[in-house]
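Here the protein sequences line up with chains A and B, keeping their order. Every letter in the first sequence is one number past the one before it in the working numbering, and letter 26, counting from 1, is 26. Every letter in the second sequence is one number past the one before it in the working numbering, and letter 76, counting from 1, is 76.
Simulated from the structure, these hints should not be mistaken for lab results. Among these hints, one or two may not hold up.
Which stretches of chain A does chain B cover? Using the computed rule of at least three CB atoms under 8 Å from a CB of chain B, they are [as the list claims (entries may be wrong)]:
(1) 43-50
(2) 104-111
Heads up, simulated BS3-like pairs for lysine-lysine below, C-alpha to C-alpha not over 27 Å straight-line [as the list claims (entries may be wrong)]:
(3) A/101 to A/49
(4) A/71 to A/61
(5) A/101 to B/7
(6) A/69 to A/58
(7) A/113 to A/61
(8) A/101 to B/65
C-beta: ideal position from N, C-alpha, C; glycine also.
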Amino acid sequence: AQSVSQHNHHVILSEAASLELGCNYSYGGTVNLFWYVQYPGQHLQLLLKYFSGDPLVKGIKGFEAEFIKSKFSFNLRKPSVQWSDTAEYFCAVTSSSNTGKLIFGQGTTLQVKP
Amino acid sequence: SAVISQKPSRDICQRGTSLTIQCQVDSQVTMMFWYRQQPGQSLTLIATANQGSEATYESGFVIDKFPISRPNLTFSTLTVSNMSPEDSSIYLCSVVEPYSNQPQHFGDGTRLSIL
Numbered sequence: 001a002q003s004v005s006q007h008n009h010h011v012i013l014s015e016a017a018s019l020e021l022g023c024n025y026s027y028g029g030t031v032n033l034f035w036y037v038q039y040p041g042q043h044l045q046l047l048l049k050y051f052s053g054d055p056l057v058k059g060i061k062g063f064e065a066e067f068i069k070s071k072f073s074f075n076l077r078k079p080s081v082q083w084s085d086t087a088e089y090f091c092a093v094t095s096s097s098n099t100g101k102l103i104f105g106q107g108t109t110l111q112v113k114p
Numbered sequence: 001s002a003v004i005s006q007k008p009s010r011d012i013c014q015r016g017t018s019l020t021i022q023c024q025v026d027s028q029v030t031m032m033f034w035y036r037q038q039p040g041q042s043l044t045l046i047a048t049a050n051q052g053s054e055a056t057y058e059s060g061f062v063i064d065k066f067p068i069s070r071p072n073l074t075f076s077t078l079t080v081s082n083m084s085p086e087d088s089s090i091y092l093c094s095v096v097e098p099y100s101n102q103p104q105h106f107g108d109g110t111r112l113s114i115l
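Isolated chain B, as found in the complex (with noise of 0.2 Å):
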């Protein structure tokens, strides 16, 4: 399956700064996903990046906090703007290969803290 390297792996930043996550594929791949794992809870889906085009994202999630860009199909960015503790997280790139009945495959995560 395809190797996804994920960068930071964690950091601590301060309140009200924005820090930009990385998530490249040694393959292409034809979807690509950030999810969110809140302390203590399940993972939840932000957005679906779309290559060449604004990502997709879900109820509750707006490119103004989380802008996301994927100029081609094997890397994807996801920015977490204006951070408050509340955005204290675990933030995770999935992806999934081209071929069909394919699960997603994720990324190690990156640890963020907000002081």
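So here's chain A without its partners, still in its complex pose (with noise of 0.2 Å):
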């Protein structure tokens, strides 16, 4: 069965600290890879997605994410973080020939110290 796994449930950083945060997934198949924001009180939102293509790809806010097929990992990664970037942050995976199914990880709160 598929699934996710987010390595880190809690990060504190300071402001322009770099981030990274980690997520693996589970699925022998042809995969299409998200991650979403919610920040406090607001809905979830689309940070940036994978389908094909370039394996490095560029979100909303200075956001990235490398797709590593051979590792299945999807990292997000942020050069430098800000005080609102204070939130929690999903990884998700569809199969391609699945596309509704959105398998979610943990959640990873981001606590950013101004």
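Grab the two chains, each in its own frame, and use the hints to assemble them into the complex.
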């Protein structure tokens, strides 16, 4: 069965620090990969997505993620975080043959200290 | 992207009662889904709402407990039946727009508390 694992449950950073959130998935076929963000009191928003092509994808607000097929990973990065990046981040995957069923990771709470 | 409106945004209900949550989209979408986010947990897919036919439920979720309707391409409802405190969760509607390679977009969710 498909599964998604996020390595860090709670991350605390100071402003301007670099961010990398780990995400690994378990699935043998072709996948589509996503990072969603949930800011406090807001709904889930799409940060970035990977369907095919360049494995380095850029999203909103300076975030990027790299798909490494051999490692079944899709880590999220940002060179310099801001206080406004404080939020919960979810990695999610669907198989390319069943794009409806999003499997989510456990989520990572990011706290950025000003 | 599509604008998704979910009602109610929150509710407090008594044990044993039922609540229907509505999801309205401002444009026609190909797929609509219902998710549950239990306290401190990630999101879990409940079912795919199929237009004009019975919903497709994921393992662990059944129609008697979570009946779903989708009468057209812009609207769906999820009913949480015979509620117990374990049903206290955020329930979210998501949609996929009718273009290729589209991600799911989520509504604001319904925060449900059962006393």
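Structure-based check of each hint:
Counting residues of the segment 43-50 of chain A whose C-beta sits closer than 8 Å to any C-beta of chain B gives 5, which meets the bar of three, so the coverage hint holds. Closer than 8 Å: that is the beta-carbon criterion, and the segment 104-111 of chain A has 4 residues meeting it against chain B, so the requirement of 3 holds. In summary, the hint linking residue 101 of chain A to residue 49 of chain A is supported, as the alpha carbons are separated by about 15 Å, within the 27 Å threshold. With a C-alpha separation of about 26 Å, the suggested pairing of residue 71 of chain A with residue 61 of chain A holds against the 27 Å cut-off.
At most 27 Å may separate the alpha-carbon atoms for a hinted pair to count; residue 101 of chain A and residue 7 of chain B meet this at roughly 23 Å. For the given pair, residue 69 of chain A sits about 17 Å from residue 58 of chain A by alpha-carbon distance, which is consistent with the 27 Å threshold. Taken as a hint, the residue 113 of chain A and residue 61 of chain A pair is honoured in the structure, with Cα atoms around 18 Å apart against an allowance of 27 Å. Pair hint residue 101 of chain A plus residue 65 of chain B holds up; C-alpha atoms about 20 Å apart against a cutoff of 27 Å.
Figure legend: structure checked against the earlier numbered hints; every hint is met.
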